[in-house]
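Based on these hints, arrange chain B on the given structure of chain A.
Here are the chains, one letter per residue:
There are 2 protein chains.
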Amino acid sequence: MPEKVALIGSGNWGSAIATKIGVNASACADFDDKVYMWVFEEYVKEEDGKWVRPARGAKPPEGKTWVDEGYTPLTQVINEKHENVIYLPGIELPHNIVACPDVATCVDGATMMVFVIPHNFLAPIVPKMEGKFAKGAIGCSLIKGIEFEKEGDMKPILISDLLQAEMKKSDGAPVVDMSVLMGANVANEVAKGDFAEATIGCTKPENGLKWCKLFNTKDFAVQAVTDVAGAELCGAMKNVVALGAGFCDGLGYGGNTKAAIIRIGLKEMQKFCKVFYGDRQIKDETFLESCGVADLVTTCFGGRNRKCADIFAKNIAAGTPKAWDVIEAEELNGQKLQGERTGTAQDVMKAIKAKGVVDAFPLFSQIHKIAFEGAKPETIIDMKLEKYY
Amino acid sequence: MPEKVALIGSGNWGSAIATKIGVNASACADFDDKVYMWVFEEYVKEEDGKWVRPARGAKPPEGKTWVDEGYTPLTQVINEKHENVIYLPGIELPHNIVACPDVATCVDGATMMVFVIPHNFLAPIVPKMEGKFAKGAIGCSLIKGIEFEKEGDMKPILISDLLQAEMKKSDGAPVVDMSVLMGANVANEVAKGDFAEATIGCTKPENGLKWCKLFNTKDFAVQAVTDVAGAELCGAMKNVVALGAGFCDGLGYGGNTKAAIIRIGLKEMQKFCKVFYGDRQIKDETFLESCGVADLVTTCFGGRNRKCADIFAKNIAAGTPKAWDVIEAEELNGQKLQGERTGTAQDVMKAIKAKGVVDAFPLFSQIHKIAFEGAKPETIIDMKLEKYY
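Residue numbers (the UniProt record's numbering), protein chains in the order written: chain A, 1 to 389; chain B, 1 to 389.
No lab work stands behind these hints: they were computed from the structure. It is possible that some hints are incorrect.
DSSO-like, lysine-lysine: derived pairs with alpha carbons at most 30 Å apart [what the hints assert, rightly or not]:
| hint | chain 1 | residue 1 | chain 2 | residue 2 |
| --- | --- | --- | --- | --- |
| 1 | B | Lys204 | A | Lys283 |
| 2 | B | Lys64 | A | Lys213 |
| 3 | A | Lys271 | B | Lys283 |
| 4 | B | Lys314 | A | Lys274 |
| 5 | A | Lys376 | B | Lys204 |
| 6 | A | Lys168 | A | Lys155 |
| 7 | B | Lys218 | A | Lys307 |
| 8 | A | Lys369 | B | Lys204 |
| 9 | B | Lys204 | A | Lys384 |
| 10 | B | Lys81 | B | Lys64 |
Listed next, with one range per pair, are the computed distances between beta-carbon atoms [what the hints assert, rightly or not]:
| hint | chain 1 | residue 1 | chain 2 | residue 2 | range |
| --- | --- | --- | --- | --- | --- |
| 11 | A | Lys274 | B | Lys384 | 30 to 36 Å |
| 12 | B | Pro321 | A | Lys128 | 45 to 51 Å |
| 13 | A | Lys50 | B | Gly374 | 54 to 60 Å |
| 14 | A | Gly252 | B | Glu331 | 41 to 47 Å |
| 15 | A | Glu46 | B | Asp359 | 48 to 54 Å |
| 16 | B | Pro101 | A | Ala360 | 46 to 52 Å |
| 17 | B | Lys384 | A | Lys59 | 54 to 60 Å |
| 18 | A | Gly252 | B | Val175 | 43 to 49 Å |
Where a beta carbon is used, it is the ideal one built from N, C-alpha and C, also for glycine.
One chain only, chain A, in its complex shape (with noise of 0.2 Å):
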C-alpha cells in the first residue's frame, strides 16, 4: 500500500516543501500521487497583477460574502493556478498538490503527515485530526520555535512533543510517531531549487528513512539522525547565538572573534540539550549536520537576529541605544523579530537559572546581560569561560 501524505499547512515554508514532496509523491511508487495540502481559507483578488487580500479584520459587507465582493478562496486559486499567490507567489507547485480548506479532509486516511503551521494553529487544528489518520500514522514538524513551562522549573518544551500531546488516545499513549525537519533552510531559495540540506531527526530509523524519502531531492539532500530533541533545540538555540554574533559584527570585530562565538555557541547549544533532553538520546553528530552547524552559520551571517543586534550595539555605541522593539519596526519593515527569537534568549536564561546551571552557559548568559540587563556589548567576550587545564 502506498503511502498517504498530508501535508498541514501552507505559508511560505510549507508551500516550499511543498514543491519536494509533490515531485516525489509523483515519481515515487512508494507514495500514493495526491498529497492535499491544508490551507486557512482566505479570499483573495487580483488587483494590478498583484494578490491582495481584504485589510486585516475586514468583514465584507453586511448579507454579503466575500465572493460577491469579486474574491476568490485562496485554496480554488492556489488548485486552479498551481501557485500559492499570496505567499510563494511566482513558484509552481507541483499539480498533485491539492489544496483543502478542510483539515480533516486532508489528513483522511493519511499515512503520513508534515506539520508546517504557526504554533498558536496547534490547539485549534489538530484535535480536528483526531480519528482522521490511518492507524500508526507518523507525523513530521517543520514548524520551528519552542516553547517552555511557564513556571516551576521552565522547562523548554518541544513542539514535536506538544503535537504528539494533542494526538493522544484516551489512555495517554502516542498514537503518532513524531519526526522533524529543520536545517539551513530560506524557504524562497528552496522554493526556487537552490541547492540546500536538510535533517529529519526521527526516534525510529525506518521512519527517518521514509522522510528522507519524501522530501529528499535532486537540489534538497535531507539525511536522518535519530535524535528529535537535539534537531528540533537547534532550530531554536541558534537565534540566541545570532544576537551574540550580531553584537560582534555592530563592535566591528573581526573574524577570529566572531568565530569564536559561533562556535562556543554550538557547544552551548549541544550542552542545553543535554542537560535539558538528557533523557532523550541527543546525539553529538547531530551538531555536525544541517539543522546544527550549517542553519547556525546561515543565520549568524545573515538572520533577522543578527541584524536587530548588530543594530543594537552600533546604536549603543553611538550613544543612541535603542529599545529591541524599536529597532525591529524600523529595520524589518514592521516584520516583529518575533516573541520566540529575542523572547527565546529570555526564556533560555528562565530554564538555565530555574536549573542552576548559569555556570555552564557563559555566552549565553553574557549575551542576555547585553540584551536585556544593561551590560555594554563589548562584554559579549568577558565570558567566564571554563578553565581547561
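For chain B alone, kept in the frame of chain A given last:
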C-alpha cells in the same frame, strides 16, 4: 623546576604568539621568565619612519657588511625596541621575549619548544638543535600546512611528524612528544588582543594542559584535545573547502547553499582524517573545536582562497576565464596563494585517488573538477552525495 620555553620562529604568527607566551612566562611560576625567540637574522634600517630590509638577493658592497651600510641586525632591534618592526610592526612584545639568531643557544636546556617557522626551514634548522634541548622536552607546532608522499599512496604527512622525525634518537625512537596549536587565528588580530580561541592537539593530556597554560590568556582561550592529527589536518583541509565556498560566492548563491557546502566540507575533513589517520586517535569533538568549525568558518567567509575562488567563478561566468596564478597575482598584490593552498586541493585529490576512495569525497572531488579539470562552477552542487534512505 620551572619549564624553560623556547620559541623557534618570529614571523607574523610567531611574533603574535610571543605576546601570549611572554605574558604567561612572566606571570606564572611554572615557567622560567626568560623566553628565547629564534629569529632568522636579517638587517634592517629605518627610512622615513618605516623599517626596511635590503632588496631581496642584494649583497653589501665588496668588503663591507650591512652594518657598515647603516643597517642593524633585526634581533638587536627587537631586543631594544621590543617590537618586531618587520613582521609585526606596531605591537609591543613582552620584555622577557629575547630575540636570538642562533637556534642552538635558543633551545639550550629548553623543556618546551614552540615551532612556528615556514616548513622549508625544518630541514636546515631543526638538526642544529640536536643535543641542546633538555631530555624529555616537549614540542608544539604552530606550522600550518601539510606535506604529501611524492609517490605510492601519496599519503598526507603531518608537519608535526616531520618535526618529530628530525629530532629522533639514533635508534629511531622519538625524543620529543609533539603537540600542535591550531585555530581561527588571524595573527594581527590575535596580536592586537582581539578575543580569539585556539585548540591544542596533543597525545598526552598532561602535555596538552602544559601548553594550554603557556598560551591561554584572557583574550586567547585555548583548549586541548588528545588528537594531534585531527587538529593539524583541519588547518590544511579548510583551504580546500574554502575554494568551494568561494565558488558559491562567485556564482551569487544564497546562504542555504554556502552553508551546505561548508557543512559537507567539514564532514569530508573529518572523513579524510579518519581514512588517512585512522590509526591515530581522531576524535569527533575535534571538529567542534576552534581548529575545526571556527577556523573553517573564518576561512570560508574571509580567507584568500575564498576570495580567489570567488573571482575564478565570476571570470568564467563573464566569459573571461583566468588561470589561478593570474588571479593570485592580480588580486593578492603579488602575494602568492601559496603552494599549500590551491596545491593542497590537488594533493588531497591525488591521495584520495591513490587510496581508491573518491566516492567518499563528493565535495572535494567536485571542487577539484572545477578548479583544475575545467568543470563549470555551477556543477559544485552536482556532488554525488551519499543516499540516506
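task = Provide an ascending list of the numbers of those earlier hints which the structure does not satisfy.
result = Structure breaks hints 2, 4, 5, 8, 12, 13, 14.
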